[in-house]
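The primary structure of each chain is shown beneath.
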Amino acid sequence: SQQGEEDPQALSIQEGENATMNCSYKTSINNLQWYRQNSGRGLVHLILIRSNEREKHSGRLRVTLDTSKKSSSLLITASRAADTASYFCATDGLGGSEKLVFGKGTKLTVNP
Amino acid sequence: EPEVTQTPSHQVTQMGQEVILRCVPISNHLYFYWYRQILGQKVEFLVSFYNNEISEKSEIFDDQFSVERPDGSNFTLKIRSTKLEDSAMYFCATQMGSGNTIYFGEGSWLTVV
Chain A
1 SQQGEEDPQA
11 LSIQEGENAT
21 MNCSYKTSIN
31 NLQWYRQNSG
41 RGLVHLILIR
51 SNEREKHSGR
61 LRVTLDTSKK
71 SSSLLITASR
81 AADTASYFCA
91 TDGLGGSEKL
101 VFGKGTKLTV
111 NP
Chain B
1001 EPEVTQTPSH
1011 QVTQMGQEVI
1021 LRCVPISNHL
1031 YFYWYRQILG
1041 QKVEFLVSFY
1051 NNEISEKSEI
1061 FDDQFSVERP
1071 DGSNFTLKIR
1081 STKLEDSAMY
1091 FCATQMGSGN
1101 TIYFGEGSWL
1111 TVV
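Chains as they are written, first to last, in the numbering used here: chain A, 1 to 112; chain B, 1001 to 1113.
These are computed hints drawn from the structure, not numbers from a lab. Hints may be right or wrong, so weigh each one.
Said to hold, decoys possible - Below, a list of computed lysine-lysine pairs in the DSS-like style, where the Cα atoms sit at most 27 Å apart:
1) A:56 with A:70
2) B:1078 with A:70
3) A:70 with B:1042
4) A:70 with A:107
5) B:1042 with A:56
6) B:1042 with A:26
7) A:70 with A:26
8) A:56 with A:104
9) A:69 with A:107
10) A:69 with B:1078
11) A:69 with B:1042
12) A:70 with B:1083
13) A:107 with A:26
14) B:1083 with A:104
15) A:56 with A:107
16) A:104 with A:26
17) B:1078 with B:1042
18) A:107 with B:1042
19) B:1083 with B:1057
20) A:26 with B:1083
Values in this document were obtained by computation on a predicted structure and should not be read as measured data.
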């Protein structure tokens, strides 16, 4: 089944360092979206990248997509303590299905 | 950033009771969803709703669940007879059009005791 899976499951870094999180999926997709979730809170949309795009930037965020490898990465540059959260990738499939399939997420801790 | 509003933020209910979770979608959005997240687990799709009808639903969305948009604005999820395993965070999400960004609300924590 189509599934986004992130790695690593947990990542701990120092403030100012870059954080890279990866996501793999199994089937063809239309779009891949990255979300952030602070503990016990809602899902905040970060970036949507379409299957015909290879890279996208938004502020300190950079997302890449490699459809041949069925993988995506999220890079957060110059991390801040406020970036501490769980990060999820979610894919939607071809064939008219709009539902998102989420991975388990990467729990990022940025230490001040 | 546009906002999806959900109420209540937290509800505790007795097993077997009916629960209604409410969502105010972003204005002009046409696609509506419910997802849930059991504590410590993945976010799971429940149902999608478009043009006043269910367009897709998961295995989780059994006969105990229903959705409606009673007044053309609010979007509700009803659980008829709650079970302990229904305890989860329920997220409403909305989307302007096919292939666009899907925006999530802050969620409604449901605790069934």
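Item checked: Hint numbers contradicted by this structure -> 2, 10, 12 and 20
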